[in-house]
Amino acid sequence: MGVEGIGASVLRKEDRRFTTGKGRYVDDIKLQGMTHAHFVRSPHGHAKVKGIDSSAALKMPGVVAVLTGQQIVDDKVGNLICGWAVHSKDGTPMKMGAWPAMAPEVVRFVGQAVAVVIAETKNQARDAAEAVQVDYEELPAVTNVKAAIAAGAPQLHPEAPNNIVYDWELGDQAATNDAFAKAANVVKMDLVNNRLAPNAMEPRAAIAQYDEAEEHFTLYTTSQNPHVARLVLSAFYNIAPEHKLRVIAPDVGGGFGSKIFIYPEEMVALWASKKVNRPVKWTGDRTEAFLTDAHGRDHVSHAEMAFDKDNKILGLRVKTHANFGAYMSLFSSSVPTYLYATLLSGQYNIPAIYAEVMGVYTNTSPVDAYRGAGRPEASYLIERMMETSARQLKVDPAELRRKNFVTVFPHQTPVIMAYDIGDFNASLDAALKSIDYAGFPARKAKAKAEGKLRGIGFSCYIEACGIAPSKAVGSLGAGVGLWESAEIRVNPVGTIEVLTGSHSHGQGHETTFCQLVAERLGVPVSQVSIVHGDTDKVQFGMGTYGSRSLAVGGSAIVKALEKVEAKAKKIAAYQLEASESDIVIENGEFKVTGTDKSIALPMVALAAYTAHNLPDGMEPGLKESAFYDPSNFTFPAGTYICEIEVDAGTGKTEFVNFVAADDFGRLINPMIVEGQVHGGLTQGIGQALLEGAVYDDNGQLITASFMDYAMPRADDVPSYKLQHTTTLCPGNPLGVKGCGEAGAIGASAAVINAITDAIGNNSLEMPATPDRVWHAIQART
Amino acid sequence: MTAISLTVNGKVVSGNVEDRTLLVHFLRDHLNLTGTHVGCDTSQCGACVVHVDGRAVKSCTTLVGQVDGASVTTIEGLSHGDELHPMQAAFRDNHGLQCGYCTPGMIMSAVDIVQRHGGKLDEATVRHELEGNICRCTGYHNIVKSVLDAAGRMNTAQAAE
Chain F
90 MGVEGIGASV LRKEDRRFTT GKGRYVDDIK LQGMTHAHFV RSPHGHAKVK
140 GIDSSAALKM PGVVAVLTGQ QIVDDKVGNL ICGWAVHSKD GTPMKMGAWP
190 AMAPEVVRFV GQAVAVVIAE TKNQARDAAE AVQVDYEELP AVTNVKAAIA
240 AGAPQLHPEA PNNIVYDWEL GDQAATNDAF AKAANVVKMD LVNNRLAPNA
290 MEPRAAIAQY DEAEEHFTLY TTSQNPHVAR LVLSAFYNIA PEHKLRVIAP
340 DVGGGFGSKI FIYPEEMVAL WASKKVNRPV KWTGDRTEAF LTDAHGRDHV
390 SHAEMAFDKD NKILGLRVKT HANFGAYMSL FSSSVPTYLY ATLLSGQYNI
440 PAIYAEVMGV YTNTSPVDAY RGAGRPEASY LIERMMETSA RQLKVDPAEL
490 RRKNFVTVFP HQTPVIMAYD IGDFNASLDA ALKSIDYAGF PARKAKAKAE
540 GKLRGIGFSC YIEACGIAPS KAVGSLGAGV GLWESAEIRV NPVGTIEVLT
590 GSHSHGQGHE TTFCQLVAER LGVPVSQVSI VHGDTDKVQF GMGTYGSRSL
640 AVGGSAIVKA LEKVEAKAKK IAAYQLEASE SDIVIENGEF KVTGTDKSIA
690 LPMVALAAYT AHNLPDGMEP GLKESAFYDP SNFTFPAGTY ICEIEVDAGT
740 GKTEFVNFVA ADDFGRLINP MIVEGQVHGG LTQGIGQALL EGAVYDDNGQ
790 LITASFMDYA MPRADDVPSY KLQHTTTLCP GNPLGVKGCG EAGAIGASAA
840 VINAITDAIG NNSLEMPATP DRVWHAIQAR T
Chain R
9 MTAISLTVNG KVVSGNVEDR TLLVHFLRDH LNLTGTHVGC DTSQCGACVV
59 HVDGRAVKSC TTLVGQVDGA SVTTIEGLSH GDELHPMQAA FRDNHGLQCG
109 YCTPGMIMSA VDIVQRHGGK LDEATVRHEL EGNICRCTGY HNIVKSVLDA
159 AGRMNTAQAA E
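Here the protein sequences line up with chains F and R, keeping their order.
Using the numbering used here, the letters of the first sequence correspond one by one to residues 90 to 870.
Using the numbering used here, the letters of the second sequence correspond one by one to residues 9 to 169.
The shape of chain R in the complex, shown without the other chains (with noise of 0.2 Å):
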């Protein structure tokens, strides 16, 4: 067992864990953190995709004790209250997902990018970086056009801060 303690979405978490215990399991069992998933056991999917010290990280190949001391986002500590980060209202003005399994990891790795990349973005730059990231339903049309949108309110944003 490995005593762990780090930030998750602000908070300070502590506990008592396996050795082998996964970022996202940790987030999902012990955190109740749901909205991080699982969809492959080999690091391809992305659908688990949080931030870890601002940069995005796949839980499902993160060891909980490699974070010990980091501070990590999930999607649920994303938005600001009541109010969605624009990559999650982008996603939604532009029918960005369909089943929804993807969706929160597609959106970790998307802030991720727009980050990155400021303003340079483009769409083959967009689609080469969600590279890491499956969808199976949206076919990455309007994927694409989310964080391509996103991206421009984020400039918006951070231009008037």
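Here chain F stands alone, though its shape is the one from the complex (with noise of 0.2 Å):
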């Protein structure tokens, strides 16, 4: 490796702007003429919209318009589509109900717009929004999944009776039964998988802008996927078609999965940008980021699972309910599903799998995608079901789950994913060294003496990222492939300029894809650009969320890297007057083999664009592309160990130690790496501790603000001690498996196991607040 080559950890070229305050959001920018939106919401879980009454608020000044949903519909602006098609057990299709993007005659969730204010100034639309006159008729409201398939339940959508959009199931169940038939010992739990508000700092915004000339948008968005924006928003919004639409994706203040959607807001302002021919910005406050914003989770199971006398699991069967909130949204129906079940083998040998997963709608948020998606829930179940089958079947944690690792790859599983490689046993080593499992014991007993429950908990997770094989996802329901693209361009001084499909917004991807550049072609990152989120610029991507845009915008640039050093090496041979085949590159130099002759790649690109001197045949410049679309997931896999106290007298949880072992494959900036999992594991241990979005009965979100919902904060959680152990993907050139999303995928279930371990209860629902622990104690036999 070089300097700033792969493995290196790289300072990254982005900081300068973030530290000096010079970074461009969407909020940041300013456009002549520029109006401002604020949407009138409903303020009832469900409501019949018997009528709107515009008068004062179109007098108040300032006011430019007021649109309604009833217009919206009527301009035959496309409802909002889920772009996975999932079928019930029984074959038919998802149920789904109609989604305007501002809702004309019924309101389902707190929050949805029925109307939106464009004025001069945020303050004056603010205002006139508050005279908007909704005259709603209350309807009865559900919140919690096992509710609305109650007989008798208030009903959502004509199109899906009892509030069921599917009731889908993966694996064999025949197998699964006899499995059990023959078990030695089956545990059984029910766990709740708590819903979560996703919270990127920087709230959701959009500035859209219609060129009466050249009858032509411009959208500026918060948006991990650009390119797909524009995409829905073209072919099943009838905003523009995709040459008439621009959709740009400035510098983006986290995503977490909650920026992969196209929103009703962001249509509103497009839409209304032609109605009123001005630009028109809108930006969401907090609150309306915890009201509209997809939610994350929200799972009801229970799991059981069979083990043979000797301990090897024989067998897994679960059932989940997962709630969609009022509304599909883009990619909800594949996390329950796709993202979730297939997982469920974790990192074991299971023979045999049969998951049920019911998807319903309540009068609450949509949900949809948030870290791991899908993921989290899968790994919390599986690890939550070891911790308690090792308690209940008196054996160690860590040896219970040895003894059933997958140790053979490539590795069928019953439930799709085919597992290419991994060392389980290494990442679990690794981890117990880390904590010094063996002193834990003596810890256990010093903390006794002073009065402390001290507790340790494993989590061995395993994830599918990579996201994904366009083929394999297409023949499971997705409305789309989930390749990545890539273009090269060597200027004619020999800068280079990286165009990715992929988005930054937060990773580091100006500064990890410059090294895979300067690894290959020897210059420094200096010399290197990203070029993303711009629809213009870049030709086409699908953007960035499932730990996906290192494996696969990452191997596109790989190929196209591969295709520039091709022409590159054609051209300096032909320059020195050299063989092909003896060209090798050093440092930026184009060397012959074995002698001092030598061309550097600035003067390679000149003669590249000048093309005075080229092989007979061959095409001027030095500018290359390529799309990569993988042949597998990959499957980033380690064990988290966490340790903590719990003080009996308050039920508050203290971290004595939180270690990590992960195996992403190769790193190419393991400072970067480590970031993420920082994050990755405060997100898990959020969930584990402190998040919880929550509903009364009304439908009314009852945390739908940082007073109300509790963010970790810098003394919720520890510092982390992290391990890397290493097998290398085979999937692909890199040999990259992804990092992005691993602590929120396995750090809930360590912390959870830690504490139901400490207090000697495991019946213990996220998040684990003092009250919920404390009454653990008290309840534990």
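It is worth saying that the hints were derived from the structure and are not from the lab.
Among the hints, erroneous ones may be present.
Unchecked claim - Rough simulated footprint, nothing fancy, chain R against chain F, three-plus residues with beta-carbon under 8 Å:
id: 1; region: 105-111
id: 2; region: 282-295
id: 3; region: 317-323
id: 4; region: 364-378
id: 5; region: 383-393
id: 6; region: 720-727
id: 7; region: 752-764
On a predicted model such as this, the values are computed, not experimentally measured, just so you know.
Where is the CB? At the ideal position from N, CA and C, for every residue including glycine.
Using the hints, put the two standalone chains together into the complex.
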């Protein structure tokens, strides 16, 4: 590796602008003649919209227009779509209710927009929105999945009887029943995976501009995937054809999945910008984010695991109810199915698995992918089951896992996934050593003597990342391919631009992707720029989510670099009058091996563009592009161990130690990888100890601000001890697996396993607040 | 409307603003100093922290009228020309930021923390003091490292003066 190539912790190129206040986020952008939008939102969880009176609002200062849901329907703006078709057990397609961008007739969750005010200033729009009179007829609401499917429950959509979107299954039911019939021991658990609000620190925002002369729209938006946004806005929402719509996602302040989706607000901004023929800006506030950003998780599950007399797993049975909220968000259908049940084998050899998932409508905010998306729910379920099983079978939790680990690869699980490679013992061993597991009993005894309850908890997670092989996801119902594109432009002076369809909203692509170029062509990262987030610059791309940017987007860059290198070598060989096969690249010089003849990359590039002296038939220029479609998912895996202490008198938990041993394959920038793990772990710990989006029975979100929803703060979490073990991913040219979601996938089970170990009661729900922990201590038998 | 005059990053600025104008909106909308961010509506997240007369203040819950005559420093005014403030450099060197949205407020709070605690900072104190700044990306691990690193650099710089 060079000092800036693969494996170097190169400091981030983007940090100068971010540390000096020069980042450029959507809300920082001002356009000439720009107006401001403020939405009128439902205060009810479920109600009929009987009428909207805008007359008073229209007389308020600065008001340009008040637009309603009926108008957007009349203008034939398309309903929001769900892009992944999932079928029920009986073969019927999922049952979806219509979701207009603003509700003309019925509102189904608090915060759903019914109208929008466009005004000269943000405050004027906000003031006038208060003056819009909406006549609602309240309807009974339901927020809990089990209540929503009960007889007599309020019905949300006529298209979905009993509020059931689908009743889906995966695996072999008969084989699983046989496994349970043979079992020496069966362990059963009920588990709740709590609903979370994603809370990227930058609230969502959009600026839409319509150019009447060109009949062309520009949308600045907080998106993780601007090309997907353009595709959906064009193909399904009838905003404008793709060549008449430019989508720009500039600096974006975190996403965590919540900025994958195309939301009503950007649709309305685009539509309204043509109606008022002026740019329209909308910037959400934090409570709007709580109410309208797609939430995550929200599963209620029952799981049963069968063991033989040697404690080998024979089978797993899982029944999950997944809360989708009031509407099916863009990729929601895939999250509790193909991103969840396919990971239920965990790191283990499980011969038979049968999973059933019922997707349910409720009067709550839509639920979709949030950091990990389905995989944290699977990992939490399996790892709680393993720890509880170890306790019931009275065996060491590490050894029960070890006994059941998959050790031979490739490994075909009974739930679609084929694990390509891994070494689960290596990460477990690294974590055990790091936390000094052998010394734990003595530490526990010492804590006990001091009046504290100490516990240790494991989580051996696996995830499917590098999303995803297009053919495979297509066969499972995805409406899109999940490849990535890249283009390398070597300029005539030798500087390089890398155009990528991935989008960076904190991941550091501007640095990591440059390192791929530095490694290959030997140029300093300062000579390389990453271009992303603009549909006018980058031809197409699928964006950033599912820990895919390096495994898929990075692989596309490598493919394009191979083409650049091949052509550059031809040019260099011609210039140096040498054989192409004798050319090697060293420190940015193209050398004739075994001689002192060389030519620097800028001279090769110049030759390519002057085209005065190129091999016969060669096209001028030095620019190549590539599309990369992965052959399989990647499978990052690892072990997290958490040691905590509980104050029995108050139920307060305190971290003693948190170790993480991850196998992400090859690391390009270890510093950035570790940062991703720290952040993921904190979100997993947040879910375990602090966070929960809570609705009352009427559909009011009672945790709709940072005063009520407990975000992890600096003194809630420990410093982490990270280890890396490595098996190189065989499925992509970089050997990388992806690291963005691991922490959030693995951490929560480790925390709850540790607390339940400390208090001696397996029955504890997330978030494990001091109140809940204290009650669990009192309830232990 | 209220007439106000204050010093922002060393320059005197004045104007007539609506009485309800918050300092953060004055900075962002009137002065185009968009480094100061709004991350919540409830004075919890700290993305909006600036210095008013040398003290860290949440500009989203400060009326600009309240700081009439005061001296305000924003993230844009922290560095000396091209030379980053030690706190900015420490955040870069320790990977103390990812998406960058909370970073300006985090840095402004951190400078205030170091100034108040001098050389006596430890990890627990930094974590406790950062209670009013939320970051969703970094898990705070590298932010804490950055602040402790910067504290060393700032104290060394002070000792040298």
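Here is how each hint holds up against the structure:
Here's how the region 105-111 of chain F fares: 7 of its residues keep a CB closer than 8 Å to some CB of chain R, so the rule of at least three is met and the hint holds. Here's how the region 282-295 of chain F fares: 5 of its residues keep a CB closer than 8 Å to some CB of chain R, so the rule of at least three is met and the hint holds. Look at the region 317-323 of chain F against chain R: 0 of its residues bring a Cβ nearer than 8 Å to a Cβ of that chain, fewer than three, so the hint is violated. Counting residues of the region 364-378 of chain F whose C-beta lies closer than 8 Å to any C-beta of chain R gives 3; at least three are required, and the coverage claim holds.
Only residues whose beta carbon comes within less than 8 Å of a beta carbon in chain R count, and the region 383-393 of chain F has 0; fewer than three means the coverage is violated. Only residues whose C-beta sits within less than 8 Å of a C-beta in chain R count toward coverage, and the region 720-727 of chain F has 0 of them, not enough to reach three; the restraint is violated. Coverage of a stretch by a chain is defined here by at least three residues with a beta carbon nearer than 8 Å to that chain's beta carbons; for the region 752-764 of chain F and chain R the count is 4, and the condition holds.
Hints 3, 5 and 6 from the earlier list are contradicted by this structure; the remaining hints agree with it.
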